Amino acid sequence: MSANAKEHSQQLTGVLTHPGKQNAGPGAYARAKRSISIQLDRPLFFILPAIALLATFILYPLVSTVVLSFTDSSGSWVGADNYIQVVQSDRTARATLNTIYFVVASIILQLILGTAAGILLNERFKGQAIVRALTLIPWIIPGIVGAMTWAWMFHTDYGVINSILISFGIVDEPVRWLTNPNVVLPALTVVNVWKMFPFVAIMVLAGLQSIPQSLYEAARMDGAMFWDEVRYITLPQLRTILASISLLLVIAGVNSITIIYAMTKGGPADRSLITSIQIFVEAFQYFNFNQASALSLMFFVVSTVFIATHRWIQRPRARGAGHQTRRQNRVGLSSCVAAACRGVPAVPLDGALVLQRSCGTLPHPDHVASRGGNPGQLREGSVRLERAALLREQFGRLAWVHNTGPDLRDTCGLCLLPVRFPWPFSVANPHSHVASSSFGSVDRAPLYLPGIYEPVEFALGIDPCLSRPDPATQHLDADRLL
Amino acid sequence: MTRRTLGLPIAAAAIAIMLTASARADEVTWWVTEPGKAKAQALAAEFEKENPDTKLKLQFNPYGGLESKVLIALRSGAPPDVIEVQTSWIPSYQVTGALDDVGEVIAGSVPLKDFVPATLEAATVGGKIYGLPFQAEALAMIYRKDLYREAGLDPEKPPQTWDYMIEVSKKLTYTAPNGQRRYGYGIAGGGPEGQGNTLYRSLPYVWMNGGDILSPDMKKAVINSPEAVEAVKFYTDMYTTLKVAPPSTLENGGLELRRLFMAGTIAQYQGTPTELERFAQDAPNLDYGVTIMPHPKGKETSALLGGWAFIAPKAAKNKEGAAKLLKFLAKPERLAEYTRTFPTTTTAMGLPRFADPRLEAFKVMLTRARPQPPIGSWLEISSAYYKGIQEILIGGASVKDSLDSAAKTIDAILKK
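Top line first, the protein sequences correspond to chains L and A. Start counting the first sequence at 41; every next residue gets the next number (the numbering used here). Start counting the second sequence at 781; every next residue gets the next number (the numbering used here).
Calculated directly from the structure, the hints in this document are not laboratory data. Check the hints yourself; a few may be wrong.
Distance windows between CB atoms, simulated [to be verified]:
#1 L/Gly119 x A/Ala1192: 32 to 42 Å
#2 L/Val230 x A/Ala887: 50 to 60 Å
#3 L/Pro89 x A/Leu838: 34 to 44 Å
#4 L/Thr189 x A/Glu814: 48 to 58 Å
#5 A/Ser1178 x L/Ile347: 41 to 51 Å
#6 L/Met188 x A/Thr955: 24 to 34 Å
#7 L/Gln253 x A/Leu1035: 54 to 64 Å
These numbers were taken from a predicted model, which means no experiment stands behind them. Yeah, the Cβ is synthetic: ideal placement off N, Cα and C, and Gly gets one too.
Next up, chain A with everything else stripped away, as it sits in the complex:
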């Protein structure tokens, strides 16, 4: 109110924005990501054919800065009707109650039990479903078969346990005859998207070992528990003491690791299913294999569930249109069409598109994947965790001390 009385220009600008962003009653605004452009356009054409009196307005957003962009849109009071977001962002968006429960709408198109349980779980806050998950993936270990052979290892028997993984990584770390330094295993420790990349690559080790960042009731930090400390030590030792990870570790995220892998600097790393498309495009002759993430002997492997979903903001103008669009999208074949990795429904998983044998390990990892805890301050919490990891990688701080300090920071965040 005060804003409006004080700032006529602001009001004018806001109205201008609303005029462009908002819509006529028969228009639905749909925000998708840039990489989904072609598929979204095809789906939009199909949707408009099915609903001749509804117009679909698409906007394409790049990945960079998307999380805050959507949050700002949600808080602006005039958000688009349907938005494509990472499933893990949903809890933080729902903190202020900005989203609509879409459970019923989805159930109108596809039985909820057809979804891979973890994917719906990731979109659920307080028992209600706030997003239509369409994509799910988990990281698996990708390794260079040619480098395995050069180091005298059997490329068909990649490591399945931590101990053997270290042994193999040590063997793969050497200076090649052409002077190139080679490293056994690339871990993420930084880079432009370092926080998320490091979380996805290191937290599964903690989980495999029985540790976690937060206690199950999400009231307390447990990242300094002995299990977690042991797992983080395993992860960081590869760089700090064993030196089987390259010197650039602190600036390597997923993208950098893929580059180093293609260049042969690292022989193994954790990658997403999308990496395979990139290899096919950038390095078609790359001789590589994919296997599950090695785990401690006698324990099970684990992964952090990644994925994307469509949300329907509560403040959106055209709710009827949003429901129509979500209902349209929530067909297993359309979800499977739109996903860039794996679909979220069991029906769609059986489609031939996902039958590539190299995707097998990713599928196994997906069944082991757990979502991030549904807590609003997760980004800040994981930032404290990330900082702890970096402190260890920089050197000078013991694993235990770093994680103690991270736990302290996280406890303070939880108290806010």
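Chain L with its partners taken away, still in its complex shape:
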């Protein structure tokens, strides 16, 4: 104990008497101590465990792969030799083309099939739950099981597919599904699509459930058919989720070793070789870790560039689309509203959309009456309705899209918006339209423009005509409009 202390003090003295460091020593120590104690409260300290884990499991392998790719098996530096050999190899070119084919074809089919399945599964029908569960089976069962089953089904001589085709007389000779160089990659793509489309379907289904029902109701009010709903509501609403899925599918596609490796191992004669299998074989069968590293780095760079591009395209598109929508809205709204203010439509119109601002309901006398209210008590709303009915003659056809609230008193404003409708709408009489029962049940449904379906409150919010939502002017505006 005392011996230790003595030794310790000697060490300290040694440090203290050390020329040049006489003052720096304890000062630096104190500074370090202080800076550590400061760090203890900093975010860095708290994310340190996460950073350590990331460094261990992501950074270190990445760096060591880079190092491997520039060295030979004995660890000496060889520059770009590994890369040159990889690029010159015929296999690389073939594997690259196969990968592109496999991934692109898979994704297109998966998206189409998955979206269709998702939309169908979202419909209400008997046995819906069972069908939903069954659809998920390909995705749930392990890849290797699915692949082996398909390999058996595809077998030229005793596969069930050929057996069916031959017994129905569709083909005379058995089809060499997995060994005909022209057929093998499409066949594997089919298996991959089969494996992954339920994933797309379930994601789409989740996306569909988050689309507000009011959009469909509004569209149906305007006479939209099923396909109109799909085209103008469902798909635009699913756009972001489909973009994310396609990115996930790209990642899954380029990395999908299981199916192809289990079924053909990239054969026959590399006809179904994809890059991920090439890397795997090069590294873990031939043990050419250096070339495999070079190949995987190139693969990594290409994938990264691709994904970055995807994100880059997708983001401006989403923003651009938003811009466009808003710009269109603004142009449409401002010019149309301005035109409406003057009472003259600036563009040939299909009809007019009567928009009620944000907070209230558009009460119709019949509607109020059917709820046991007294139509005579209605204030401006009813007056406006009459004016709107007059305007209907002016604009030809008229559609109502409106907020209904539980409270009929909150009518704050009304705007007449002449628009072009993407589908023909058939409701000629806005009165009967508004009085329809489905409206009564919807509370505070947001307003959407047909075909674009941005909330109209939002669109109106940026409209110069109605930009400052001052209740007083709002009434004025609306009154002037009508």
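Use these hints to put chain A onto chain L, whose structure you have.
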């Protein structure tokens, strides 16, 4: 070193693995294959009785992926003490000097000259023996006697030459009255284990004809020599032009061929001695015969030696225990006990277990068998060869062009 400083979790995981894999000083870890389980357990019990203070720890590995699994174990730095591997893998393992020379240990139990020479040769790299071979086999031709009779052929006179083999195969290719397509000869051209299966079934033709994949000094590819081209053409023609092999050829390996044979789709194919056990189990009434592989007239038959051996990794913990175990195993009767086909010693070959007359042809083939060349990159080289064969079978590529391109690839591998 950097790994340890950078990745504490990795180190922890590695230690955990080492703790489970490594052993106390008196424990020997022995990796065997799944099919040898029962016999290995019996041998282990016997070993522990003989060496009461040594404990034997067994691990059973399936065949699939075993080659890389062992290689990874060898490179991990903490391999088991004794491992059962295919004899042909030894040269590639020894490239990095991962194995111990076990020649002396073996010689302590059994005179080396008792071994069938080719089996020891297969385990030898640079003059030193790196494995204790316990099993050896070579393929022979198995044929359906009933189908021979149906086609009007004498089942007791199977073909011995290439010409006659083709003639017989053509006769055996027809549509049976029940609508079943029948094919004369099943060649391997793919399947899950396609590369090895195709190599074992096609390379002997090349050898019979005087060709080879590599030159004797293993410095150059000679697979595009006229002899080799002629032999590969003979092999692939059975599918591409003569069509005596079934349409599924490109997905048929050993397992698939056996299935097709039992179903009567093919009448002849090359099989290992283990097939006989399978027949006895799955199709006891199968009427079949076994004969040597047909060869070109005036030339001798040939086979690629297959077999298994025990290796002792250099980095293993318990070398003394490993030597003890190998010495214990290297008794002819124990090697004969453990083998699933044939034993590797002449003494053991005389045991009654190997006296079945149907095994006769396999025994003849074994005397003709040659090991694979002891070169580290053999798997990659044979993969180039396999790809060449598949190119021909797919169609569109001439035999000569395919093999030229294979030779080019192999030369590039040899230069690495």
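Range hint compliance [Cβ, L/Thr189 to A/Glu814, 48 to 58 Å]: Between L/Thr189 and A/Glu814, where Cβ atoms are some 23 Å apart, the hint is violated.
Please test the hint of 24 to 34 Å on the beta carbon pair from L/Met188 and A/Thr955. About 30 Å separates the Cβ atoms of L/Met188 and A/Thr955, which means 24 to 34 Å holds.
Is the hinted range of 32 to 42 Å satisfied by the C-beta distance from L/Gly119 to A/Ala1192? violated (18 Å)
Lying within 50 to 60 Å: is that true of the beta-carbon distance L/Val230 to A/Ala887? holds (58 Å)
C-beta pair L/Gln253, A/Leu1035: status relative to the range 54 to 64 Å that was hinted: Given a distance of about 56 Å, which is inside 54 to 64 Å, the answer is holds.
For A/Ser1178 and L/Ile347, compare the CB-CB distance with the range 41 to 51 Å and indicate the outcome. Holds - the Cβ-Cβ distance for A/Ser1178 and L/Ile347, about 43 Å, lies within 41 to 51 Å.
Should the hint that L/Pro89 and A/Leu838 are 34 to 44 Å apart at their CB atoms be regarded as holding? Holds - the Cβ-Cβ distance for L/Pro89 and A/Leu838, about 40 Å, lies within 34 to 44 Å.
Going through the hint list in order, the structure does not satisfy hints 1, 4.
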